[in-house]
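Given only the sequences and the hints, what does the whole structure look like? Please build it.
There are 2 protein chains.
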Amino acid sequence: MLPEREFIERVRRLVRRSKSSRVVRGIGDDCAVLQASAGLELLVTTDLCVEDVHFRRDWHPARSVGHRCLARGLSDIAAMGGDPAACFLSLAVPRGLSQRWIDEFVRGFLAMARRFRVPLAGGDTSSGPKIIADVVVLGTVPEGKAVLRSGARPGDLIYVTGKLGGAAAVLKSLKTGRKPGAATRGNFYPEPRVKVGGLIRQKQIATAMIDLSDGLSVDLAHICRESGVSAVIYAKKVPVARGATLEQALHGGEDYEVLFTARAGAKMPTKISGSPVTAIGRILPRSAKRAVVTLRDAVGKETPLKEQGWQHFARK
Amino acid sequence: MLPEREFIERVRRLVRRSKSSRVVRGIGDDCAVLQASAGLELLVTTDLCVEDVHFRRDWHPARSVGHRCLARGLSDIAAMGGDPAACFLSLAVPRGLSQRWIDEFVRGFLAMARRFRVPLAGGDTSSGPKIIADVVVLGTVPEGKAVLRSGARPGDLIYVTGKLGGAAAVLKSLKTGRKPGAATRGNFYPEPRVKVGGLIRQKQIATAMIDLSDGLSVDLAHICRESGVSAVIYAKKVPVARGATLEQALHGGEDYEVLFTARAGAKMPTKISGSPVTAIGRILPRSAKRAVVTLRDAVGKETPLKEQGWQHFARK
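As they're listed, the protein sequences go chains W and G.
Here the first sequence is numbered in the numbering used here, starting from 1 and rising by one per residue.
Here the second sequence is numbered in the numbering used here, starting from 1001 and rising by one per residue.
Worth flagging that the hints you see were computed from the coordinates, not collected in a lab.
All C-beta atoms in this analysis are idealised placements derived from N, C-alpha and C, irrespective of residue type, glycine included.
One or more hints might be untrue.
Calculated cross-link-like contacts (lysine to any residue; reagent style SDA-like; alpha-carbon spacing at most 20 Å) [what the hints assert, rightly or not]:
hint, chain 1, residue 1, chain 2, residue 2
1, W, K130, G, R1057
2, W, K145, W, Q35
3, W, K130, G, D1103
Chain G stretches covered by chain W per the calculated footprint, using a threshold of three residues with CB under 8 Å from any CB of chain W [unchecked claim]:
hint, segment
4, 1027 to 1037
5, 1040 to 1047
6, 1125 to 1134
Here you go:
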């Protein structure tokens, strides 16, 4: 199997011929952007959640799996500055899975749906070899106002909300055999930054935005590629979550905070809707001589920041 | 695992509280219908395709799997009388699946997408235990004009397009070990009735419509439940595909024709966009005394028509 980026590139090349004027922005951002009506665009995002890849039944309560499945899509809508409008759930489950598990999953999903006022409007079900949920979230955004990944320009500062690495730290402790406990809550019930993303869009704070689902190193590289720029991160500025390491903050995924870029002169609040905002680096011109993203340590030494994706929950 | 109908009922009950005015029609039709703009509604349909449930890698060429995945969603749009607008593909594949398989799958999918002018606008990828594709198709329909499942009234006649049972006949021959050959084409590359559905909606021919994906007995029962009516089918009127049996025409799925109901007095063309149209039965008032759907044989004897769903490709 190809790595996801390569796969997406391949599909993009194959897709190029079938472009349509209705698709404002297709593959390559947090959501697709479609023309809807005068003044409004439609956001669409789909997220696959596969047992033993994105969650493990022996670690994650069914309710948390339902919660997380929808959280991922809501986080994508947040990353465009959109308002969630409706969601769809396609669910494959192994024959013999307990009805209790399914009910708890659905409860976790629907509790989230109610809280974010995003009605479950449809879906599909099937038997399958493992639990597999594909969640679609639709959202809306005023025409031309979606915050894309492609707007970062050299000189822009790079910001993140919240603290990073918490989910990766929990994952590591689960891997070492620790029983899931209260501290795992952030990983089990992440809170998508829908309000934060909406405010960033309304106040026109950001030049580009993405949610931190795959990990800072990977997600910032997405911004750089889509914007045709490079970036430098200052190690000591990265807001590391309690109990996490810098490494986990840089590469651990599933924090569901947002990363955005803004003009260097822009006035930046210290908090947006209660979430702390931290400047962690700067956008640079693209250059063949430097890595897409580099990390500057405390003494000013720069090293390429490898795109180490999010650690799957795979058993091997 | 619950049968799909029961699962959907359960989710519906859980969902009821999260209803929203933006969702014109939620779970329980071929597509969800959402408010879009003045004069236009948005159709959304999602379809899961799971290896060894909906297809088998040793039977179906990768290109046919890609084709079928998208055909299912297009058929749902057709069944509402909508125009397809964009599609999304979430794809999980086992590690080690050949790149050739994936490329062929994507080619089959995109050939279909181009032909129906429905751009692939996004999606997701993951590793997984089997090949699993979840396809979302968005479409549009003039406001209030979607042909729902719920509009059938006692006295209406029941029509189907095309011939039925062909896909089931192919499936049966594959199960007996016959090598897939030219005759399997209809099952491998079904043609969704997008143009037919669109014309039925434009000409206001139908009171209710559904696509025949699960099988006539199941799909007609959906219409009856959503409309609060019963139905009788005349066995000798059912258009049986060459090589298929009446049984296969009644219960075999994946024909991707459309079934619709129309007022008894309505003038009905013999063909719509080249597809033959056949009257096969009549809508009756709902009564506790009769089955939801009954079958009347050649001598006028009526028996309840069991909802025998579509035969999964499961190996057991």
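Going down the list of hints, with the structure as the test:
1. W:K130 x G:R1057: Within the cut-off at roughly 18 Å; holds.
2. W:K145 x W:Q35: 12 Å, holds
3. W:K130 x G:D1103: Not satisfied, since the Cα-Cα distance of roughly 24 Å exceeds 20 Å.
4. 1027 to 1037: It holds: at least three residues are needed, and the segment 1027 to 1037 of chain G offers 6 whose Cβ sits within less than 8 Å of chain W.
5. 1040 to 1047: With 6 residues in contact (Cβ-Cβ under 8 Å with chain W), the coverage given for the segment 1040 to 1047 of chain G holds.
6. 1125 to 1134: holds (count 8)
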